[in-house]
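Chemist: Model the placement of chain B on the given structure of chain A, informed by the hints.
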Amino acid sequence: KTQVEQSPQSLVVRQGENCVLQCNYSVTPDNHLRWFKQDTGKGLVSLTVLVDQKDKTSNGRYSATLDKDAKHSTLHITATLLDDTATYICVVGDRGSALGRLHFGAGTQLIVIP
Amino acid sequence: DMKVTQMPRYLIKRMGENVLLECGQDMSHETMYWYRQDPGLGLQLIYISYDVDSNSEGDIPKGYRVSRKKREHFSLILDSAKTNQTSVYFCASSSRSGERLFFGHGTKLSVL
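Taken in order, these protein sequences are the chains called A and B.
All residue numbers for the first sequence refer to the working numbering, where the first residue is 1 and numbers rise by one.
All residue numbers for the second sequence refer to the working numbering, where the first residue is 1001 and numbers rise by one.
Just chain B, same shape as in the assembly:
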């Protein structure tokens, strides 16, 4: 069906709590991404995954970690969330050629 699904859509957490954002894709894409989008800024790359257990830091990895144990799932984890991690988080997946690129609907995270 060619889609990227993110869960949850909205999340409110207190500072210091752990956060798990989940992403799934049904296209068997090797490459998956986590980005965050803040007002007035372009999307910023947090982590990129080239396949199962093959993950690389993006431009702003500090405070985040990822897990990819199955090709179709890519998780973003915030250990001890901070207020400056309030943002909208987008997951994306891409074919190896990069020609096909799909985004999820985003997870709006508020850290209070």
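Bound conformation, chain A alone:
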């Protein structure tokens, strides 16, 4: 059973618009949550890590929230650029060390059009 669900599966926005990507999970324990960006044909690049029970992070035009009570995270992208076209992957870690397991969502494919 999939433990990390991402929505929407795909999303098309116009350059300059904002967008919100959702991640719901059932992983227990949920030590931390990461958002990755994956350009087509490339590896995953970490955007942000959320750790606290109710956490918020900001990294330039990317901001993220985590609510461990609801087991829910959002990734906000502000003023999208064409280069934001990619797949965004939510990953939940069950421990705070490399001994833990990472649980990957299938990703949201974002397409930014002119």
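Hint data in this document are derived by calculation from the structure and do not stem from the laboratory.
Relax, there's no trap hidden among the hints.
Computed spacing ranges between beta-carbons, pair by pair:
id, chain 1, residue 1, chain 2, residue 2, range
1, B, 1007, A, 20, 34 to 44 Å
2, A, 53, B, 1080, 43 to 53 Å
3, A, 9, B, 1013, 27 to 37 Å
4, A, 69, B, 1084, 33 to 43 Å
5, A, 12, B, 1028, 40 to 50 Å
Glycine included, every Cβ here is placed at the ideal spot set by N, Cα and C.
Modeler: For chain B alone, coordinates are given in the frame of chain A:
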């Protein structure tokens, strides 16, 4: 320079042939991983290595084996490749705390 390098980037093999995928990292990370990524699915863990000659099965180890003789290198071996092993394979490395996690660019393997 903090990177994970995978070789080759693309590979085409016939069913039954042996396959060697190689991964290197320059961060002296103890932990390294092999994952596969298939359309519509999240990355699935094949094997994890905690250090030289300290390897553990992941969630889908069947049909694969690994070798880690040096901390900076981690190899994935398919003995007698099958068509259902067509996939994109990612290597990753992590610091012991898990805080720093880096992925390679992936190897796209096609088994015909």
